[in-house]
Structure formats: C-alpha cells, structure tokens
Amino acid sequence: MGAAKAIIIFNNSEWGQQLADAFDKKFKADSGEISMKEGVAEDQTLFSPLIGKIKTAGNTVMFLAVGPSQAGLIIKEAKKQSLRNQFLGTDNFTAQEIITAGGKTLDGVRYVVPTPKGEKTAEREAFDRIYKETFGNKEPHIFALNIYDAVMILYKTALQAGDSTAKAINILETLNYAGAGGTIQFDKNHDIQAAVYNRMVFREQHGTMARVVADNE
Amino acid sequence: VLINYLEFAGALALISLGFTLLYSITRFANFSHQATVAFTAYICYAAHVLAGLGLVVSISLALLAAILLGMAEYYLLFRPFLSSQSSIPVIISFGLGVFIQACLSLGFGTDTLSLGIQDTTVILSGFKVYYRDIWSWVVLLITIPLLELFFRRCRMGLLLRAIPVNLRQIQIWGVSVHLPLMLIFGISGLLAGVAGIYLGMAEAVSPALGYKWGIWAFSVAVIGGLGSVYGTLLGALITALPILLAYRFGGAIMADSLLFFAAALVLMFRPQGLFSINIRSV
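As given, the protein sequences belong to chains X and S, one line each in that order. For reference, each letter of the first sequence is one residue, going 1 to 217 in the working numbering. For reference, each letter of the second sequence is one residue, going 1 to 282 in the working numbering.
Just so you know, these hints were derived from the structure itself, not from any lab. A couple of the hints might just be wrong.
[What the hints assert, rightly or not] In silico DSS-like links for lysine-lysine, alpha-carbon gap of 25 Å or less:
hint	chain 1	residue 1	chain 2	residue 2
1	X	26	X	5
2	X	104	S	128
3	S	128	X	55
Only a predicted model underlies this, so the values are computations on that prediction, with no experimental measurement involved.
Produce the entire structure from the sequences given, and follow the hints as far as they go.
Below is the structure:
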C-alpha cells in the first residue's frame with residue numbers, strides 16, 4: 001500500500017495478539033515502521049480516548065485485529081475525530097456486526113478474506129440452504145462455514161483414526177476434504193491452504209454498505 | 001479532549017440518573033436497570049426496523065414500554081419487599097436483569113442489531129459532535145431541575161422523600177405509598193429508556209447493551225452520592241475525566257480499576273457519597 005508507518009489495534013486475546021504480532025513482523029520485514037501498537041479489552045466499547053491518542057501519530061495505515069463490532073465502533077469514532085487513516089482488517093470483517101456498528105463510515109475500509117479452493121461445493125450449497133432455513137434467510141457468516149467444516153473434519157478423523165494419534169495426524173496432513181467452505185487441505189505448517197486471498201473493500205452503494213472485490217474497482 | 005469529556009460525562013450521568021433516582025427513594029440498588037436499557041433499545045428496533053414505524057413514534061413507544069416495565073416491576077416484584085429492609089429487592093433485581101436479557105436473546109437472537117437511526121454529527125466550533133450527545137445534555141439539564149422541583153414542591157414528591165426516612169410510620173398513618181412508588185419506578189424506567197436509545201445509537205443493540213455502562217454508572221452513583229440527583233451529575237463530571245485519561249494512557253483495565261478503587265475509597269470514608277444531601281434536611 002506504500003505506507004511506511006502503521007498502527008496496530010488488537011484485541012487482548014490470544015487471537016488478537018497473534019494476528020497483531022504476525023502483522024508487526026511482516027510489516028517490519030517489508031521495511032515498514034509500527035508507530036503504535038495498542039491493545040483493547042474484549043468488551044471495550046469506549047474508543048474516543050484511544051482515537052484521541054492515535055490522532056497524534058499522524059495519518060498512517062491502521063490495522064484492526066479486533067472483533068467486528070469493535071472495529072465498526074473504532075472506525076466510526078476515528079471518522080468522527082477526522083482521522084484520515086487507511087483501515088485494514090481480516091476475514092472477520094465479513095461479519096454483519098461491523099456494518100451494524102460502523103454504518104456508512106466504513107466506506108473505503110479494506111480487508112482480506114482467504115478463500116479455499118473450489119468455493120461452491122455441493123456441501124456448501126446444502127449448508128447455505130439449511131442455514132437460511134434455520135436463521136431466516138441470512139447469509140452464513142464465514143466463521144459458521146469454518147466451524148462447521150472443522151467439526152466435520154474432527155468427527156471424520158476421529159472415526160477413521162480411532163485411538164491412534166499418529167494415524168489422526170497422518171489423515172489431517174494428507175486431507176483433501178470438500179467442505180462447506182471449499183476444499184480444505186493443510187500445508188507443511190499445518191495452516192489451511194488458501195487458493196486465493198480476496199482483497200475486499202467496503203463501498204457505499206444505494207445508501208447501504210456493500211462489499212466489493214478491491215481488484216475489480 | 002473537552003468535547004470527548006463532555007460527551008462521556010453526559011452519557012455517564014444519563015445512565016446513572018435513573019439508577020440513583022430509584023435508590024434515593026427505595027434505598028436499594030436496582031441492578032435490572034441495565035436490562036431496561038437494553039429492553040428499550042430492542043422495542044425501538046422492533047418498532048422502527050421490523051414494523052417500519054416512524055422514528056418519533058418508535059422512540060415514544062419504546063419509552064412508554066420502559067415506563068410500563070418499570071411500573072410492572074414495582075407492582076409485581078418489588079412491592080411486597082420494599083418495607084422489609086432486607087436485601088431481597090437487590091437479589092430480585094439481579095434475577096430480573098438476567099431474565100430480561102435471556103428473554104431478549106431468545107426473542108431477537110444474540111447478533112448485534114442496528115436501530116436504523118442515522119448517528120449524525122453537527123460541527124460546533126470546528127469540532128464534530130453527535131446530535132445524540134447534545135440531546136443527552138438537553139435531557140439532563142431539563143430533567144434534573146424538574147426532579148428537584150418535583151421533590152421540593154409537589155405533594156407526591158414530598159411523600160416520596162419521606163419514604164426512605166420512615167416508610168413504616170407513613171404506612172401506620174394510613175397513607176398509601178403504592179402510587180408514588182409506582183411513579184418513581186416508571187420515571188426510573190423512562191430514564192433507563194432514554195439511555196437505551198442513546199446507547200443503541202452509539203453502539204449497537206444487543207442483550208448486553210449498556211452492561212459496562214451500568215457498572216460505571218453504579219460507581220459514579222456511589223462517588224456522587226447514591227440518592228443525590230445533582231450528585232449524580234457532579235459525580236459523572238468528576239469521574240469522566242480520570243476515566244478518559246486512564247483509558248488514553250493505561251487502557252480499559254487501568255481505567256476500570258481506578259474507578260472501582262475510587263468508589264471503594266468513597267464507600268470507606270464517605271459512604272453517603274461526595275455530594276449527597278441528607279434527605280431530612282432538604
């Protein structure tokens with residue numbers, strides 16, 4: 001993005017801390033400078049003091065490793081205090097909560113969504129149908145897909161491996177599972193293999209916030 | 001900083017006021033106050049977003065529901081126990097708060113919802129200020145003097161002031177306190193409702209809406225003086241600045257710890273609060 005400085009705001013949880021550390025490491029490796037790194041409590045909703053503090057750091061990239069509601073509130077407060085930072089987030093920005101909290105102030109906010117191979121599997125279509133029937137025609141949250149797949153993989157692995165840990169590890173290392181979130185395989189670090197990282201951006205369209213693939217703009 | 005301070009102090013005072021008002025008369029801390037805050041926000045959501053009613057009608061309906069909830073709480077739950085000088089009303093209020101939250105979760109789900117009200121700002125002296133913050137101060141500056149006037153000049157207000165002094169004596173004289181008490185529960189509900197609309201716009205509607213604010217409000221009420229309407233405003237004005245500074249330089253945990261420590265100190269050395277007025281002398 002060409003930004004030499006970045007601010008990280010992270011949730012004081014293991015998830016938030018790890019994400020913040022990963023961004024910190026990668027940004028510095030690319031010759032960037034982290035000008036501020038601030039943790040927030042998981043139930044925090046008051047952000048005006050934090051934004052006031054960040055204001056002194058100038059207009060930089062702001063990476064938000066926080067929950068979607070918190071991200072919405074932070075961006076809303078930042079825009080109110082006339083900050084002009086470029087906001088970045090991760091796949092949890094796909095949750096509706098960020099739009100509920102942030103509203104139209106999200107225009108221009110960017111995030112990245114890792115998408116596994118083979119997006120529309122038969123499993124996904126079945127999942128979408130049952131999810132909408134159960135939750136009143138709502139689009140499934142990305143974490144709903146991930147959690148469903150994780151539970152199914154665990155269940156099937158446990159059935160096949162029995163009480164053998166070595167066998168379970170082997171099954172997972174060679175896994176090629178067509179799940180609701182796409183085809184799932186793990187790499188040598190045991191991380192999920194994403195086929196593509198979609199760069200998304202929020203845009204106000206017809207009075208509502210829409211998610212647009214940034215590369216298509 | 002000044003704008004942030006006034007916004008935060010106003011919100012704190014707004015949320016603390018209904019809580020303090022009820023305590024001033026009944027001498028029990030109603031911990032279901034926060035649930036009424038969330039309840040009102042959901043009623044406004046149901047009326048405005050789900051039923052498509054106009055904004056003024058939706059807010060009015062939500063506030064009316066908050067008043068009725070407050071009155072129903074008194075009549076159905078607290079009425080038999082207020083003269084017993086026991087901790088039963090506090091325990092009931094805890095249970096009631098959990099019950100209302102559970103009902104909201106079952107009825108509306110646990111996802112955060114939008115009130116559908118544009119949270120717009122206005123520029124004052126070069127600073128953006130939310131309209132809701134202006135409204136919160138308008139409500140405070142009208143409500144607090146009105147409440148003082150009510151307690152000093154109205155017959156019912158005078159009777160309400162006598163309740164915490166000696167409820168049994170009043171009952172022995174054959175004076176019914178049910179209507180004034182129901183009224184004060186209704187007003188407390190109304191103030192919780194105003195806070196609910198405010199927070200619903202500021203954050204998003206969820207069953208836990210205002211939970212954190214409720215804890216702050218209790219501390220502010222303790223510091224300002226549980227039972228003092230003006231004390232609540234002064235308590236909010238005094239505590240808001242250290243909270244904001246602690247949030248800025250130490251984070252949420254330090255801010256909350258400082259606030260609770262200050263409340264504990266007040267309880268130890270001046271349990272009536274910094275600005276409480278002895279109700280007998282008013």
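Q) When the hints from earlier in the document are held up against this structure, which numbers fail? A) none
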